[in-house]
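Q: Protein chains in written order, with our numbering: chain A, 1 to 392; chain B, 1 to 392.
No wet-lab data here; the hints were simulated from the structure.
A hint or two may mislead.
Claimed, not checked - Below, a list of computed lysine-lysine pairs in the DSBU-like style, where the Cα atoms sit at most 30 angstroms apart:
1) A:LYS379 with B:LYS383
2) A:LYS383 with B:LYS370
3) B:LYS383 with A:LYS383
4) A:LYS370 with B:LYS379
5) A:LYS379 with B:LYS370
6) B:LYS383 with A:LYS370
Claimed, not checked - Below, a sample of chain A positions facing chain B; criterion: calculated Cβ distance under 7 angstroms:
7) THR18
8) ALA45
9) LEU95
10) GLN96
None of the values given here were measured: they were computed from a predicted structure.
Cβ atoms here follow ideal geometry from the backbone N, Cα and C, with glycine treated the same way.
Each chain, written out:
2 protein chains.
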Amino acid sequence: MKIEAVDFFYLSMPEVTTEADGSQDALVVRAAAGGFVGYGECEAAPLPSIAAFVCPMSHGVCRPVGASVLGQTIDGPGDIARIAAQVAYDSMDLLQAAHTWSGVEMALWDLLGKARGAPAWKLLGYDRSHAKTPYASQLFGDTPQQTLEWGRAQRAAGFRAVKYGWGPIGRAGAKEDADHFMAAREGLGPDGILLVDTGQIYGEDVDAAAARLPALEAAGALWFEEPFNGHAYEAYGALARKSSKVKLAGGEAAHNAAMAKHLIDYGGVGYAQIDCGRIGGLGPAKQVADYAVGKGVTYVNHTFTSHLALSASLQPFAGLKDHRICEYPVKPKPVSTAFIATPIRRNSGGDIAAPDAPGLGVAIDENGFKPYLVDVEIKAQGKLLYRTPRVG
Amino acid sequence: MKIEAVDFFYLSMPEVTTEADGSQDALVVRAAAGGFVGYGECEAAPLPSIAAFVCPMSHGVCRPVGASVLGQTIDGPGDIARIAAQVAYDSMDLLQAAHTWSGVEMALWDLLGKARGAPAWKLLGYDRSHAKTPYASQLFGDTPQQTLEWGRAQRAAGFRAVKYGWGPIGRAGAKEDADHFMAAREGLGPDGILLVDTGQIYGEDVDAAAARLPALEAAGALWFEEPFNGHAYEAYGALARKSSKVKLAGGEAAHNAAMAKHLIDYGGVGYAQIDCGRIGGLGPAKQVADYAVGKGVTYVNHTFTSHLALSASLQPFAGLKDHRICEYPVKPKPVSTAFIATPIRRNSGGDIAAPDAPGLGVAIDENGFKPYLVDVEIKAQGKLLYRTPRVG
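Using the sequences plus the hints, can you model the full thing?
A: What follows is the structure in C-alpha cells.
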C-alpha cells in the first residue's frame with residue numbers, strides 16, 4: 001500500500017480556558033492507503049503541528065513531516081519504523097516534528113491493523129490485551145473540601161484508583177499541599193489508590209518537592225508525579241534518593257524514546273508515563289515499555305484527551321500483565337468525546353483493556369468533528385499549504 | 001519599558017535544496033519597547049515557529065509564546081529570565097516554543113543593550129570581548145579532491161581552522177570517509193586546525209563511529225562532531241571512552257540548557273556547541289558556558305546562518321579568553337547576508353570578536369529583507385493570526 005493522503009482535523013471547544021485540561025482541543029489525523037483509513041491524535045498544539053507537516057523545506061534536515069510520509073509504502077510494522085527514522089533524520093531541526101509525527105504514526109498503526117484484521121497490540125508483538133485498572137484522572141479541587149468530595153464521587157462511580165493533579169498544588173506552602181493530600185485520602189477511603197500529579201510546579205527545586213514527601217507518605221500516595229520539568233533528571237534523581245515509600249512518576253513530556261529512558265536511568269522514576277501522542281507514536285512507546293520491564297520500572301499511559309488517544313496509549317503495554325494501572329480521563333470536554341463512536345468502557349469489574357479489534361479498535365464518527373472543527377487556512381507565496389478539510 | 005510588538009520576517013532563497021545548508025532561509029524577529037528596537041533570529045523552521053507565537057491556546061500550559069511576551073516589562077536581564085521562565089512553563093506542551101522563543105530572547109537582549117548603550121556580553125556579566133579564532137565552516141566536497149581543494153582555498157583566504165561537515169560522510173564505508181579526512185588534512189597543510197562534523201549520520205551506532213577514529217586521529221582532527229543524534233548520550237559516552245586523541249563535539253540540537261549539560265555529563269563531549277537560535281537564546285547559553293567552564297569543557301558557538309545569529313551566539317562566551325575557537329559561516333546564501341549592514345569581519349590577524357557596540361552590535365537593513373520576504377498568511381475561524389509585515 002502507498003500512503004495516499006494524510007488529513008488533519010483541528011477541533012476545539014468554543015472557549016479554551018487556562019485550566020490544565022488537555023481535552024479542550026484535539027488534533028485528529030486521518031491517513032489513507034490501499035482503500036483503508038486510519039486515525040490518530042497528536043497531543044499537541046494543533047496549529048504549529050499542522051504547520052510542521054505542510055511547511056516549506058528549510059534545508060536537507062529541516063524538511064516538513066509530510067515529505068517523509070506521503071507516497072511511502074506501508075505494508076508492515078517495519079515500514080512504520082522506517083518512516084519514523086526518516087522523519088527523525090530529515091526533520092531533525094524541526095522541533096515540532098515529533099508531535100506532528102506522533103499522531104500520524106498512530107494513524108498508520110490503525111490503518112495497518114485494519115488492513116490485516118489485527119489489533120495494533122498484536123502487531124506490536126503481544127499475544128493478548130490484559131485488563132488494566134483505570135485511574136480516574138482529574139484536577140485537584142480549588143479547596144481541600146472539593147478535593148475530598150471529588151474523591152468520594154469517583155469512588156462512588158466505581159474507580160478504585162484516582163489521580164489528582166495541578167490546580168492549587170505548589171502555589172502556596174507545604175502545609176496547604178498537605179491538606180489537599182489528606183483530603184484526597186479521606187475522600188478515597190483507606191483502600192483507594194491515590195496518585196498525585198504536581199505538574200512540574202517545583203521547577204528544579206528538590207527541597208520544595210522533598211518538603212511534600214512526609215504528607216504524601218502519610219496520605220499513602222502510590223506515586224508523586226512530575227515534581228520537576230521533564231529535563232531535570234538530576235532533580236528527579238535527588239528526590240528519588242530521598243523518597244523510599246512514594247515512587248516518582250514522569251515521562252509525559254518525552255518526545256522520543258531516549259528522553260523516557262533517561263528519566264528512568266538518571267531520574268530514578270518508578271513509573272514511566274508515556275503519551276503516544278507526543279513520543280512519536282506506538283513504536284517508540286513500545287521500546288520504552290520493553291526498557292521499563294528490563295529495569296523493573298512500571299509502564300503507564302499518559303492520556304488526557306480522547307478515547308482514540310487512550311486506545312493508542314494502551315497498545316504499547318497491553319500485553320504487560322503486571323503493569324496494571326492506567327490513566328483514564330473522566331471529565332473530558334465534549335470536543336474529545338463527540339467523534340468517538342465506540343468509547344472504551346469499564347467492564348463489570350471496573351477494568352478496561354486495549355480493544356480486541358483491528359487497528360486501534362475505536363470507531364470514529366467524523367460527524368462529531370463538525371461542531372468543533374476550527375477553520376484554518378495557511379498560505380505562503382500565494383500558495384495554499386493547508387485548509388481545513390470538509391467533513392461529511 | 002513594555003514589549004509593544006514582536007514581528008516575524010520569514011526570508012527564503014527562491015529555491016531551497018536538500019543540501020545541509022541552514023542559511024537557505026531565515027526567521028528574523030523584531031521586538032519593540034520604549035522606543036527601542038531589537039533583532040534576533042530563530043535557527044528553526046519559520047512557519048511552525050511563527051505558528052507557535054500566534055496559535056490559539058490549547059490549555060493552561062500549552063499557550064502560544066506571544067501570550068508570555070507581549071505587554072511584558074523589560075528593564076533588565078532579570079526580566080528576560082522571568083519571561084523565559086514563563087514561556088517554559090506556560091508553553092511546556094508546545095514543543096516548537098523553544099525555537100520560537102530563542103529568536104525573541106535574542107531580540108530582547110539586542111533591545112535592552114541598545115537602551116542601556118551596552119553590549120549584550122556586558123549585560124551577561126563579562127568585562128570584555130576576547131578575540132576568537134574563526135573556523136571556516138563548510139560542507140565536505142563531493143569527492144576527496146574537492147574536499148582537498150576547498151581546504152586549500154580556505155587557507156588561502158586566511159583561515160587557520162576549517163570545519164568540514166555532512167556531504168558524503170557516513171554514506172559509504174570507513175575507507176571512503178578516511179579518504180576525505182586525509183584529503184582535508186592535505187588541503188589544510190600540517191598546521192591547519194581540522195574539525196570534522198558528521199551530522200548525526202551514525203545514528204546510535206557506536207561501532208560505525210568508532211571505525212572512523214583511527215583515520216580522524218591520523219588526520220589530526222581536533223574534534224569529531226555530532227556522530228550521533230542529539231539524545232544519544234550513551235552512544236556519545238561510549239565513543240568518548242574509546243577516543244583519547246580526538247574529542248567529541250556536540251550540542252547544537254539542545255533546545256534548553258539541561259540538554260547541553262547532559263551531553264557534557266553523560267555524553268562526555270569535550271566541546272559544547274550551542275546555537276542561541278535554538279537553546280532559548282543568550283540566557284541559557286550563558287548557563288551552559290558557565291557549566292562548561294566548571295567541567296573543563298570548551299564552549300563553542302554553533303552558527304550556520306547570518307551574522308546577526310553569529311553575534312548572538314558569540315555573546316555567551318565572549319568573555320572566556322581560553323575558549324578561543326568559534327564557528328564562522330563562509331559560504332552563506334545571499335538571503336542571510338542581504339539584511340546585515342555591519343557584518344562581523346576578521347581583523348588583520350584573522351580573528352573575530354563579539355562587537356563592542358550596544359546590544360548585539362549588528363546593524364540590520366530591513367530593505368535587505370525585501371527580495372527574500374515570504375508572503376505568509378495564517379487564519380483561524382476567519383481571524384487573521386499572522387500576515388507577513390510590510391517592509392519599508
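Q: Indicate, hint by hint, whether the structure satisfies it.
A: Quick rundown of the hints versus the structure:
no.: 1; hint: A:LYS379 with B:LYS383; verdict: holds (14 angstroms)
no.: 2; hint: A:LYS383 with B:LYS370; verdict: holds (19 angstroms)
no.: 3; hint: B:LYS383 with A:LYS383; verdict: holds (19 angstroms)
no.: 4; hint: A:LYS370 with B:LYS379; verdict: holds (18 angstroms)
no.: 5; hint: A:LYS379 with B:LYS370; verdict: holds (18 angstroms)
no.: 6; hint: B:LYS383 with A:LYS370; verdict: holds (19 angstroms)
no.: 7; hint: THR18; verdict: holds (4 angstroms)
no.: 8; hint: ALA45; verdict: holds (5 angstroms)
no.: 9; hint: LEU95; verdict: holds (5 angstroms)
no.: 10; hint: GLN96; verdict: holds (4 angstroms)
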